[in-house]
Amino acid sequence: AQSVTQPDIHITVSEGASLELRCNYSYGATPYLFWYVQSPGQGLQLLLKYFSGDTLVQGIKGFEAEFKRSQSSFNLRKPSVHWSDAAEYFCAVGASGGSYIPTFGRGTSLIVHP
Amino acid sequence: NAGVTQTPKFQVLKTGQSMTLQCAQDMNHEYMSWYRQDPGMGLRLIHYSVGAGITDQGEVPNGYNVSRSTTEDFPLRLLSAAPSQTSVYFCASSPAGAKNIQYFGAGTRLSVL
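One line per chain: the protein sequences are A and B, in this order.
Read in this note's numbering, the first sequence has 77 at position 77, and its numbers run on one by one without any break.
Read in this note's numbering, the second sequence has 1066 at position 66, and its numbers run on one by one without any break.
These are computed hints drawn from the structure, not numbers from a lab.
Among the clues, some could well be false.
Partial chain B-side listing against chain A, Cβ under 10 Å, derived [stated by the list, open to error]:
hint: 1; residue: 1031
hint: 2; residue: 1042
hint: 3; residue: 1045
hint: 4; residue: 1048
hint: 5; residue: 1050
hint: 6; residue: 1052
hint: 7; residue: 1053
hint: 8; residue: 1086
hint: 9; residue: 1102
hint: 10; residue: 1109
hint: 11; residue: 1113
Backbone N, C-alpha and C define an ideal beta-carbon position, used for all residues, glycine too.
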């Protein structure tokens, strides 16, 4: 079975600073990887996904993520954070065989200071 | 352009009461699932369905029942509510296959007193 670890419960950055949210996964085969964002009081929305090919993927709202197989990581990055990026971010892994439902990490809460 | 619709948005129950959380999607998605979200615990899968008439348990199924009589609807039933079921509940749907993203409803915030 697959699993996901998001080591940081909270991350605080200043507006305009760069951001990196960490995600480590465990899965024996090629994983399908996702990042979702949850704004306060809302459901989750997909930011980006990785299935295969280029290990650097671009998403919405200026976010990108890099898949590193050797480190079992899929970290989310943004060069310059905006106050509206304050939200909960979830990494998820889907199995390329077997389970049809992705497994979510516990989430990282992003706080943006003006 | 409704997507995934959850009702109600808020609910307060007394211990021992029963209720059904409704979830409907209009995208003809095969897969549907229910999650609960608790502080520090992320999203935990309760039950899921890969098609009408097919359901299976997730990580935390105890105290919850589901059925899937149509492609569109996937209600979640609390048989005898307990304070431990106080949570935010999310329904999601996706097309068949692990590569497909999930579309989430706005959630139901449930308090059990």
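What are the numbers of the hints that this structure violates, sorted from low to high?
-> 6, 7, 8, 11
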